[in-house]
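Asker: Okay, here's what each chain looks like letter by letter:
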Amino acid sequence: MAPQPAEKLRKDEEVTAALVMVSQLRALFLQLPHLGTPRERTELEEFRGYRFARGPLAGARVPVVRTGFREAWRTGDHEAILDVGQRIPDAILQADLDIQTYYVMTRLRLAEPWADRKATETRKR
Amino acid sequence: MRLDLYAELRRVIRALNEAGVPYAVVGAVAVSLYARPRATQGIDLLIPEDSWESVRPIMAGLGYTLLAFPMTVGAGRIRIYRVTRLEGADLLSVDFLVPQDPDLLWLLQDRVRATTEGIDLWVIGLRGLRTLKRLRGSAQDAADLEALGPDEGEATDGAPTG
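Protein chains in written order, with our numbering: chain C, 1 to 125; chain F, 1001 to 1162.
The shape of chain C in the complex, shown without the other chains (with noise of 0.2 Å):
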């Protein structure tokens, strides 16, 4: 059945019961296990492959490092973040906000200071 137009805003009193949806929704999205699509598991190996690399990761690939970085991230595998991210051109954290999102906090988890541009600087090459 084709959607009805959506022609106004809610009314105030579910206004409040939408946006606790959404809420609740995200939480159950957050517990529920994550099935990779046959894409990201390709993504996951060739992550791995960064992982396994000495050296700058001039070839890496954005959708590569967000897809590893978010499951490093699901799995508390900082160290895994902290590596590659320390070894990614500049181009690349600052290219996607999703891989400088999980690289800033796992510096900030962990706590080491993150001072902006400086810190990408410091970074290993």
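A couple of the hints might just be wrong.
To list a few chain C residues with every Cβ distance to chain F over 10 Å, as calculated [claimed, not checked]: (1) K8; (2) R26; (3) H34; (4) T37; (5) E40; (6) A53; (7) R66; (8) E71; (9) L82.
Chain C regions said to be covered by chain F (calculated; three or more residues, Cβ under 8 Å) [what the hints assert, rightly or not]: (10) 13–20; (11) 85–98.
The hints are simulated quantities; they were obtained by calculation from the structure and are not laboratory data.
We put the beta carbon where it would ideally sit given N, CA and C, even for glycine.
Given the structure of chain C, go ahead and fit chain F onto it with the hints provided.
Answerer: Chain F in isolation, oriented as in the chain C frame:
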């Protein structure tokens, strides 16, 4: 421990209201107020460029960390500044969307006011919401446009038709 999106939204909009920052809720939360509620990881707010400098300390005061590098989407027409709150292993991001194109400045004028628990909540108008969804054009945006339903007679971009 998990962050409660609704509680965080209330904290943020209360602070923005008190500071007189013109904002509009956009993204999944706005879609959920026009169509069926859906899950989302974070909160998206539209603000004008000249409000960003006053928003930064407000969000810092609420315990959010600013990412160093903003991102642009929609061929550079929207810049996104992200702030994130960390609680245990839970991350909750608030993305501030800032129009860079003068043709998009009407989006904020198109906002509508709702209230939740006595707090004013400014939400993007339906036409503006559709415009933003078309601008990004991701698979999720396409799904959201479908959830919002047909939009006969609306401008697809730029200045509103009235």
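Asker: If a hint holds in the structure, say so; if it doesn't, say that too.
Answerer: Structure-based check of all given hints:
1. K8: For K8(C), whose nearest Cβ neighbour in chain F is about 8 Å away, the distance does not exceed 10 Å, so it is violated.
2. R26: violated (5 Å)
3. H34: At about 13 Å from chain F, H34(C) clears the 10 Å cut-off, so the statement holds.
4. T37: holds (12 Å)
5. E40: holds (14 Å)
6. A53: Since the minimum Cβ distance to chain F is about 24 Å, A53(C) lies beyond 10 Å and the statement holds.
7. R66: Per Cβ check, R66(C) is outside 10 Å of chain F; nearest 13 Å; holds.
8. E71: The assertion about E71(C) holds, with a minimum of 13 Å to chain F.
9. L82: Non-interface label stands for L82(C): nearest chain F Cβ at 15 Å, farther than 10 Å.
10. 13–20: Result for this restraint: holds, n = 5.
11. 85–98: The restraint on the segment 85–98 of chain C holds, since 5 of its residues have a Cβ under 8 Å from chain F and three suffice.
Hints 1, 2 from the list above are not met by this structure, while the remaining hints are.
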